[in-house]
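**Q** As you go down the protein sequences, you meet chains A and B in turn.
Read in order, the letters of the first sequence correspond to residues 1 to 189 in my numbering.
Read in order, the letters of the second sequence correspond to residues 1 to 788 in my numbering.
Check before you lean on any hint, since a few could be wrong.
Said to hold, decoys possible - If we take Cβ atoms under 10 Å as the criterion, some of the chain B residues that face chain A in the derived model are: (1) 59; (2) 140; (3) 382; (4) 388; (5) 411; (6) 605.
Hints are computed from structural coordinates only; laboratory data are not their basis.
We put the beta carbon where it would ideally sit given N, CA and C, even for glycine.
Next come the chains, spelled out residue by residue.
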Amino acid sequence: MLPLSRTFVAVAVLAAAGCSLQPFRSQPPTSTRPASQGGSGPVITEPPTVTSTMSPEPVIQGPAPSIPVPRERPKVAPATLSPASKALVTQAQTQRKKGDLPGAAGSLDRALRIEPNNPLLWIEMGRLRMDQRNYAQAESMGRKALSMAVGDNRTQSAAWQLIADSLQARGKNPQAQEALEKARELGTQ
Amino acid sequence: MARRKRKPKSRQKLQRGFAIIALLALVAAIVLVAVLDRRVTQQFEGRRWTLPARVYAQPLELYAGQNLSSARFAQELERLGYIARTPVDRPGTFRRKGDSVDVYVREFRFSDETQPAQKLHVGFDGEAIAALAGAGGADVPVFRLDPLLIGSIFPIHGEDRIIVSPAEVPPLLPEALKAVEDRKFESHHGVNPLAILRALFVNVRAGQVEQGGSTLTQQLVKSYFLDSRRTLRRKGEEAIMAFILESRFEKADIMNAYINEIYLGQDGRRAVHGFGLASQFYFGKPLAELNLPEVALMVAIVRGPSYYDPRRHAERALERRNLVLKVLAEQGVVKPEEAERAMKAPLGITDNAGRSANYFPAFLDLVRRRLREDYQEQALTETGLTVFSTLDPLLQEKAEIALSDELARQDKSGRKAAQGLEGAMVVTTPQTGEVVAMVGGRRASFDGFNRALDMKRPIGSLAKPMVYLAALQSGRYTPASVVMDEPIEYKLESGDVWKPNNYDKKVHGPVTLVRGLTQSYNLATVNLGLDVGLGPVAKTYVQLGLDEAPPKYASILLGTAQLNPVEVAQMYNTLANGGFRSPLRAVRAVIDEQGKALKAPELEVTEAAPAEAVYTLNRMLIEVFERGTARPAKKALPPGLVVAGKTGTSNDYRDSWFAGFSGGHVIVVWMGHDDNATTGLTGTTGALQAWTRLMASISTTSFDPLMPEAVEDRWIEFYSGQETSPYCSGSAVRMPFEVGTVLNPNPACPPSTTVEEAALMQPLLQDAPNEEGVTVPADAAPQTSNRP
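So here's chain B without its partners, still in its complex pose (with noise of 0.2 Å):
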């Protein structure tokens, strides 16, 4: 009783204020574990990744007849990261021997069915396909590879992966993780005391950092919380979580899940995330299909994504690669002699320094502004849509290089304006209205100013083809209608007068209609424009596909109106498609993650124009190739290929344009400096040439559309418009004019003179008047080319 009764009472205070303190910190403690539990739990087992979009181009088709060489069809395999080799005894491999090419195509999840793994002989007669056959010998008439993955719609600064299932795993791969990262992983509740003292004792000897202690569990949260900083708080807490991890979940569960999680490099704005999308990062094929120096490749990376980057520093990586597959060997995982030889391998990463191979960030930009009409933002970015783009990989790869060819060209030409110029290319497929190319400025893999969407330049005279339709809709119109090419003066609302020039400054006096659009005449053209009124004119500007007519001001004539490539190539499309209006489409369809198809633009198309005035239009845009200002690139088209367009030069000759167009491909280039400078070039000299190197080096058609009934061909005088015979001077042109239309007859030639005749009246028809300065060298200086 004493005892107690001496037990001080602040004895006995404290020791209650311990308990206190005990339990709270108890509380606290369990506190903190049950928020880290939950923490950790829920960002395992949730939604555990946020998967953007991941965009495929077009697929490959393979068909009998299709214009493919087994060369090029080995290229595009290549590609899609398949592997040359013998036997081809699994997807993603494939031999070629001689014009035959044997692929084991990989499995496939496109938007209407899974296209399941399997093997497919291809034989080739030269430059086309001469029959596919499946597995069994059967013949295959049609066929589509897996498509190249583009890109993924990511949030800025955002992470991007590609979740892989263990299935889609090498089994090599969680082995060698735990060999070099975690030996005890198997075993350990999620933290590795001994490996902690091990690393610190290697490190402080090393002076350096040569081993982290950190199991593969810590690291996983580490990575699921980025909290770089390196406070013991952090680490106390990471441990913890590790801790529950380990209690809570399967040790393959969380393999699985570091598999998917890890930081393994940097892509511009994006982090690429996880084994899945590193593999297509720096190797540009599926996971499951590396080897084993490219799976050590991977497990050096995971240490250092930067200090390893295997493109900025190979020999750093290459080294690191080496001691992974010494390690590899020590710990049994692989033989010694296998390692040795991977040793020997090179890294084997796709090039492109410093960037993913097929990166086509102007494209991806136009898809992902698509989506947006159609998506929240947030499905887009994280729930994991497949989108299935128009994007032709190959066509875009000839579109980067021919512009940026003749940029290069431009630099080294000595004229000062064109040197340092920016440019922009869209292409389009006229009769499904498909954006297949699009290169947004002068490097094409650089993610910024995208020219072809964002950029609006006067069109000069691409607007001139608007006026002649405009024309030939009024019914008062053909294309032997003389109209005067002479100074105008026109009255502005704002009390200006305004006086236009043609380019050689000079005037021409009466010239048809022909005539006028070929050479780009801008005194014909307005006077043509004005009689037909500014209305009709704007009108044409909207049935082509604008959303919006431009203001009517009698300078839309020459070409005032600001308009992107997009819109120009919307509008040629239209003439290219007879009429027929097909928005442009760069999404062809979208799947969930389950596969369930959601929703996409369709293919739509709208008769938006008479057909008849439309063919006559078009017919009038081929003798630009012929007779007017695109002649200098008639010799650098293959023989025989019928192409039609219209160059464009904007006032002081700060925009080049060319918009044109083949049978199967619509092509629109544009040219010119950021800061409006001039650039000393006309749409011949300059976006001309860029145009030609594309449409040369693609596989396309002639344009050659069906002659509407209404219509019928007659040969008239392309200076008179007199109605002719072919045989009688060289300045006979073929055109399509309404049945019945009555055309003034030449009196000295007229349409029935025949060859022989016309032969005897050859010294009178030297004196035909000779084109003037259509001759524009493909090099010459604007000063010496005398039309846009």
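In isolation and in its complexed conformation, chain A is listed as follows (with noise of 0.2 Å):
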């Protein structure tokens, strides 16, 4: 894998994110919860009230479910950084350019900080992994991303090149070409 592909898929991910015209994970900033951390998967532990907060599309036909859980996986809108993750992300990659790589980590830091369950996060920190040579650690945060990215095809993508990379960089070649397929695959639906 050329490192050009790398930063483009990288770039084009964030550049994706910045550009969205969705509002990051819409919650109200009146909600309880933090704005920061928008719901994700949905726990329903009351049957009648079941209602995603993670899909656009309505997870269930009707008001009353026949089949309790639909079997196919509703898509989800592909990740984006809220305003405060992406200047520290632009601050961090600045960082990365000058080669202050303990600032750049600072900088996502904070980042994870404010919004721990954003895989685009994850993603960026493993980039600097990489850039530290601390490979292992880049492909942990490349599947810690996937994790976090369930039906969000092009964030999965994106996870799976930098574990790609991750193990092209210890010589893995036969998982690192497994991992690219997975990138490629995700990365063209």
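Please dock the two separately framed chains into a single complex, following the hints provided.
**A** Laid out in structure tokens, this is it:
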């Protein structure tokens, strides 16, 4: 994998994140939870109130579900960054360019404290770990991002790309190839 | 000649003797001066002070959408020593007007950059920040306030100080010091004999020490060598050294050294030196921001930090402060009107009787231990490091309150065993693995036995999730699997037979996994654990972040493994983090005196357990609050807040535990007696109460993990494990299963049952098994509650 295309994927994802018209996770700021940590997967404990904060599409057709849960996973809108994390990611990228890796890590740490459930930030942190030659952690960050991007193909693709790069950096070429396939497959969906 | 001859030899000898003695004395004097010169000059010039590492809390991050009201923001600013005043024209001031706050933020050196002092406008929209703007009105996406100083790492019985440069000293302070302590400072040569005589005269007349005759230089020398013996020899040496200092150094340097050196108070084992730290210690803000009455109080304290301790002897301190103000007016340092006005001001010291505010010994203890893994003791206590920690001061305060309120309630409960309990609390953030609060005992500000770190206790039923995780990981069990809750006799290696019991001494027969865990049945858990195997169960402890697996005794299934609250927090943090293990961090960054970043632990994540198994376990732990042992707490939590957790009670009610999490916080609580006596409390009636107090009082999010791709939700019957419809009975529960899992359908009410069909069946379904004993009243004694 060429570093150029690697950078391209990361930049593309972040650019998409920045340009997205959708407001960052549509939580009103007056709710009891901080707006920064919008709901992700539905955990429903009361049977009649089957709702999802995760998907813009209705999960269940009709008021009363005949089948409790749809087998088809809903597609999720690609993750986006809040303005605060976007500013911190930009700052981290500047710091990385200057070779200030601890500084970049600090900025991403700050963003992660604001939006710990945002997979894009974990991918960004993984990219930084690549720069730091900490490939095992780069892969872990990629896997963490995957777990937070269920149904979000674009973000999953970027995470697999990171995992592929980290595997390749350690000479695990067959696995890297597999990861790359997944990245491509998800990227075209 | 004759005269010369007459001169007796003895006299000649005597003269020579005198000469030799005089010479020796001179040599001795020169040597003494040289020795003293070396000592005092080295002290003054060399590494003048050993600088303990300074530890800061995490800074408050401000950004649009942040859950923070203008009132709470103002409180946070006050905690940082910011003063509410108009106009907002210098660092350390702010103004709150309705839903907007203008603040002049102080300069601060963070680990990555120095943030200059600047004005910031913060607009609020009720409970959240709406927008931030800089001085020119430009939009600011994210901004961090200067963090709270929470302590220093100093040697035992050590000196602590914050060095200030002349630019950080309010000009009034040296003037006031001169006026009160040493009027001839600018002209004397280190000693002021007239002052000594005057002091002697005044003191003899008054019959007590009212005036000291020591110059500032002499006081400085005296402080350098920490010898309070009042012998003439010491006095002489002091005078010589003061003279040496004066001849070698500028007055301004001596004044600056004095300001940073002098002893100004005692904070437990730490000696507060220098006006920089004293300003934080007494007023909670930087020296540069002190006003006239505050400067006067500091000058008053110089004379006797314990005699004029403004916390213990407020009246005495006030009287002396006003005397200082009077002298300042007499000497023309300040205008008489200013002095008059200042005399009416209160002392203005931060409360927290006898302790500096923001003193968190248990957390500092953790920071110190974590730093010792990477740094030499000497580097920590002497080289002026700055440590950026993970502590969240607001959360810490709430944790202390939650624990002490609950302990106070137990004290008043009338149950003897629950009186005088001790407790400990640890709070972490799941995704980033940071320890944000820690309480080490009933008296949170007491630097003593740290129960969060140094106390290992059997974890009781907190161990059950590990058994169920091992079962789920084996691939042979689902939440609907049925295990037998029936008596078991297990033959131990010693030849004895182990016969565990349920807490309610009842046997429940076949129970589903979800029921066995949520209602904390011992027999079901032991049977399950033995079937899964002790090896795999012990292994989960390491997966979740323990350094060592517990010994493979069958009793670990019921929680005989002894852990401290931080270890428990580490394990539950891995659960809350979806099976990703992040070693808990207390330190974010360390910089040296020049601002260079040094070694600090980085954020790490490791996929430690399969996401599907952890997700399924967590969903069962949510049910603990819906139909298990934590149900009594549900009503005290904010409506709609989803949390997960587990109660723990050790044998004979010696330890009451609760470990659980929301989306944003993992909280572990332990309550018990130091001498291991019974508390009479279960996890539900003790630790869960404190846990709930804290969880309900903080800003947090629901525990809301994304479902892994390989699992799907299905409705099962809580008691039988049969697949059913949500409309059939109140005991239908939604649980995750691996896609394609075969479940037995409930013959009376299969999954396809619609709401209308279910309505027709209602009379039949009224007879659904009733949950026994799960409605434990929050205040119930353990005798009436059935389970841990």
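**Q** If a hint holds in the structure, say so; if it does not, say that too.
**A** Evaluated hints:
1. 59: holds, 9 Å
2. 140: holds, 9 Å
3. 382: Nearest chain A Cβ about 23 Å off; hint violated.
4. 388: holds, 9 Å
5. 411: violated, 32 Å
6. 605: OK, holds: residue 605/B within 10 Å of chain A, min 5 Å.
Of the numbered hints given earlier, the model fails hints 3 and 5; all others are met.
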